[in-house]
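*Asks:* Residue numbers (this note's numbering), protein chains in the order written: chain A, 1 to 332; chain B, 1 to 244.
A hint or two may mislead.
Partial list, computed: chain A residues near chain B (C-beta under 8 angstroms) [unchecked claim]:
id, residue
1, D24
2, R27
3, V30
4, F141
5, E306
Just some of the chain A residues that point at chain B, by a computed CB distance under 7 angstroms [said to hold, decoys possible]:
id, residue
6, R28
7, T125
8, L129
9, R138
10, T142
11, S236
12, H237
13, L261
14, S298
15, V299
Covered stretches of chain B (chain A as the covering partner; in silico rule of three or more C-beta atoms under 8 angstroms from a C-beta of chain A) [unchecked claim]:
id, segment
16, 12–23
17, 52–58
18, 202–209
These are computed hints drawn from the structure, not numbers from a lab. Owing to the predicted nature of the structure, the values given are computational and were not obtained by experimental measurement. Don't be surprised by glycine CBs; every beta carbon is placed ideally from N, CA and C.
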Amino acid sequence: MRTVGLDITRTGWVTTFQDLGRRDTERRGVPTGGAADQHSAAVANVLVGNPRDATLIENLGGELAFVPDADVLVAVTGAPARVTIGGAPAASWSPLVVPAGQEIHVRADLALGARNYLAVNGVFTAETLLGSTAPDARMGFTQALGERVLLESGFRGFRHSHFAPPLFRLPVPVLPCAKEGPWLVDVVESYGARSIPGVRELIADSSYVVTARSNHVGLRLDGPVLHPDTDTEIVSHGVPVGALQIPHADELIVLGRYRSLTAGYPIVGVASRASLPLLGQAGPGRELRFRWVDRETSVRRSAQREDEVRALERATAEAFGALGFAGHLIHP
Amino acid sequence: MTTEQFTAVTVEPFGDSAVMVTVPHPEQAIRRTAIVAFRERFLAHRPPGVLDVVSGLESLLVEFDPLQTTLPHVEYAVRLLAERPPVHEPLRARTALRFAVPVVFDEETGPDLASVAEELGVAPTEVVEAIAESTFTIALLGAAMAPMMDGLRVPRPVRRRAEPRTDVAPGAIMIAGTNAIIQPFPGPTGWRVVGRTPYTIVDISRPEPVSFGTGDVVRFVPVTRDEAAALGADFLLPVAEVPV
Numbered sequence: 001m002r003t004v005g006l007d008i009t010r011t012g013w014v015t016t017f018q019d020l021g022r023r024d025t026e027r028r029g030v031p032t033g034g035a036a037d038q039h040s041a042a043v044a045n046v047l048v049g050n051p052r053d054a055t056l057i058e059n060l061g062g063e064l065a066f067v068p069d070a071d072v073l074v075a076v077t078g079a080p081a082r083v084t085i086g087g088a089p090a091a092s093w094s095p096l097v098v099p100a101g102q103e104i105h106v107r108a109d110l111a112l113g114a115r116n117y118l119a120v121n122g123v124f125t126a127e128t129l130l131g132s133t134a135p136d137a138r139m140g141f142t143q144a145l146g147e148r149v150l151l152e153s154g155f156r157g158f159r160h161s162h163f164a165p166p167l168f169r170l171p172v173p174v175l176p177c178a179k180e181g182p183w184l185v186d187v188v189e190s191y192g193a194r195s196i197p198g199v200r201e202l203i204a205d206s207s208y209v210v211t212a213r214s215n216h217v218g219l220r221l222d223g224p225v226l227h228p229d230t231d232t233e234i235v236s237h238g239v240p241v242g243a244l245q246i247p248h249a250d251e252l253i254v255l256g257r258y259r260s261l262t263a264g265y266p267i268v269g270v271a272s273r274a275s276l277p278l279l280g281q282a283g284p285g286r287e288l289r290f291r292w293v294d295r296e297t298s299v300r301r302s303a304q305r306e307d308e309v310r311a312l313e314r315a316t317a318e319a320f321g322a323l324g325f326a327g328h329l330i331h332p
Numbered sequence: 001m002t003t004e005q006f007t008a009v010t011v012e013p014f015g016d017s018a019v020m021v022t023v024p025h026p027e028q029a030i031r032r033t034a035i036v037a038f039r040e041r042f043l044a045h046r047p048p049g050v051l052d053v054v055s056g057l058e059s060l061l062v063e064f065d066p067l068q069t070t071l072p073h074v075e076y077a078v079r080l081l082a083e084r085p086p087v088h089e090p091l092r093a094r095t096a097l098r099f100a101v102p103v104v105f106d107e108e109t110g111p112d113l114a115s116v117a118e119e120l121g122v123a124p125t126e127v128v129e130a131i132a133e134s135t136f137t138i139a140l141l142g143a144a145m146a147p148m149m150d151g152l153r154v155p156r157p158v159r160r161r162a163e164p165r166t167d168v169a170p171g172a173i174m175i176a177g178t179n180a181i182i183q184p185f186p187g188p189t190g191w192r193v194v195g196r197t198p199y200t201i202v203d204i205s206r207p208e209p210v211s212f213g214t215g216d217v218v219r220f221v222p223v224t225r226d227e228a229a230a231l232g233a234d235f236l237l238p239v240a241e242v243p244v
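Construct the complete structure from the given sequences, taking the supplied hints into account.
*Replies:* Structural data, given as structure tokens:
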């Protein structure tokens, strides 16, 4: 292992350390938090030989660039982005070597997705709160990147001839951020739908647009809603990530990983786990449509996604092994 | 706390990876104490695949990994734990911690004191007395680990503000209904702000950012501005352990 410095030369609107979130802290009032697009974050780590939940860099909007002072193994995932290394185009969703002194530059198109994840083989030197490096703005834990970040890495470059076939051909489950048309989000109905007759049909038939008032607590959507007839008070309670909440105003809110207890609004459904990564990429202006699915279908999609990531883990372990590494490059 | 209070629980599926547990009972107080007792028991006997729980005032959200367990399994475990007291459950040997929180109650630290007094038909000093004479129990840790407490003894429940405040200082003591809460970080609130403690309630630089937990007992001790200044922003620590 050696210490590598990354000079951060450009950051986006919000550029932070990130991971998959806190464990076992919701019972103590601290939301799990973590990457809004968990799939892209996990895949970025797998592509560089890290454990899925290793700390990486999340970039929301704008550009991200850095120059390492030693060769590093990097992967960029999330929203479709233009990636260059030393000015030459490079692929996202793939392991990349950034040579010492060269700049890697990531420029995303906000119209295609909100967040990029940049994983680097190794362990970032980052502060933790309750065992996680994920920021928590409410608790004053911002995790903004400084001008230089440090990393402990065992990466020493690959033994690879220029004349050999491409280094990797990996089964990468790329998150589909379609350019045109609405994104389709699967939703499982919950009890609140029963208290509002017709809301299920209305949501299935309508289209919703993400507004600029959205943040890490929730996506606020413009579109038709219905309210319950009764004004029975709903006592504050916990809600899952992805809950579709109808506040008093005429809007729909999809709660994110930093949600807290509800203020007592009806929850008509909960987005399927397999749909959450896409919601993490939905920026202002994005059109969404909802499709009701039963719980079994929802879990099956989640299982498919998990199988894909596992297949990638096996393939990267093999590829890295063939290049002279025994399995994963680091062991937590 | 008796165990038969929650022999029947309601388990409501919530999305593809959570259920919400409630204890149906006409009396609010029983619904609330029963769900706290159930939570303790559930966490002590956490079924495989359960990731975390989120406490509401009268509910417990149980979050699980649907690839490690299934909804019927979780539901079954919940009902089993509710109906059959586990054999190894300790005989309520848990000790709660007791906290004495110094609070400055004046017009500046408690901008809602006057309106609460008016609403209750008493003088502002009597509101302060009522708060100081109440013994609070921490029901749950709310947003950013804020201790949400039950036990405010007032003639009738205190209403929330019609117009929420947008920026309340850390350490603010706030009340609503028969609950009290301490604001750990600057932020918005719809609760009525009645005082402020100089102490640091949540310190994120510590491995354990708070010293309190569900079931702990809190009293508010009125202090003057000078006394508060002398105390400083020390991290809130318990004064004693009390058997429950």
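*Asks:* Each hint needs a verdict: does it hold in this structure or not?
*Replies:* Against the structure, the hints:
Taking 8 angstroms as the C-beta contact cut-off toward chain B, the hint placing D24(A) at the interface holds, the least distance being around 6 angstroms. Because the smallest distance between the Cβ of R27(A) and any Cβ of chain B comes to about 5 angstroms, under 8 angstroms, the interface hint for this residue holds. Satisfaction of the interface hint for V30(A) is found here, the shortest Cβ-Cβ separation to chain B being roughly 6 angstroms, below the 8 angstroms cut-off. At its closest, the beta carbon of F141(A) sits 6 angstroms from a beta carbon of chain B; the interface hint therefore holds under the 8 angstroms criterion.
For E306(A), the interface hint holds, since its Cβ comes within 8 angstroms of a Cβ in chain B; the closest pair sits about 6 angstroms apart. A least Cβ separation of about 5 angstroms between R28(A) and chain B falls short of the 7 angstroms threshold, and the interface hint therefore holds. Contact between T125(A) and chain B, as hinted, is not supported at the beta carbon level, the nearest pair being about 17 angstroms apart and thus beyond 7 angstroms. A distance limit of 7 angstroms between C-beta atoms decides the matter here; for L129(A) the minimum to chain B is near 5 angstroms, and the interface restraint holds.
Because the smallest distance between the Cβ of R138(A) and any Cβ of chain B comes to about 5 angstroms, under 7 angstroms, the interface hint for this residue holds. Interface restraint check for T142(A): the shortest CB-CB distance to chain B comes to about 11 angstroms, outside 7 angstroms, so the restraint is violated. For S236(A), the interface hint holds, since its Cβ comes within 7 angstroms of a Cβ in chain B; the closest pair sits about 6 angstroms apart. Hint on H237(A) holds. Least Cβ distance to chain B is approximately 3 angstroms, under the 7 angstroms limit.
Here the hint on L261(A) is kept, as its CB sits about 6 angstroms from the closest CB of chain B, short of 7 angstroms. At about 4 angstroms, the closest approach between the beta carbon of S298(A) and any beta carbon in chain B falls short of 7 angstroms, and the interface hint on this residue holds. Interface restraint check for V299(A): the shortest CB-CB distance to chain B comes to about 5 angstroms, inside 7 angstroms, so the restraint holds. Restraint check on the segment 12–23 of chain B versus chain A: 8 residues with Cβ-Cβ distances below 8 angstroms, three needed, restraint holds.
Given a C-beta distance limit of less than 8 angstroms, the hint that chain A covers the segment 52–58 of chain B holds, as 7 residues qualify and 3 suffice. Closer than 8 angstroms: that is the beta-carbon criterion, and the segment 202–209 of chain B has 3 residues meeting it against chain A, so the requirement of 3 holds.
In summary, the numbered hints that this structure violates are 7 and 10.
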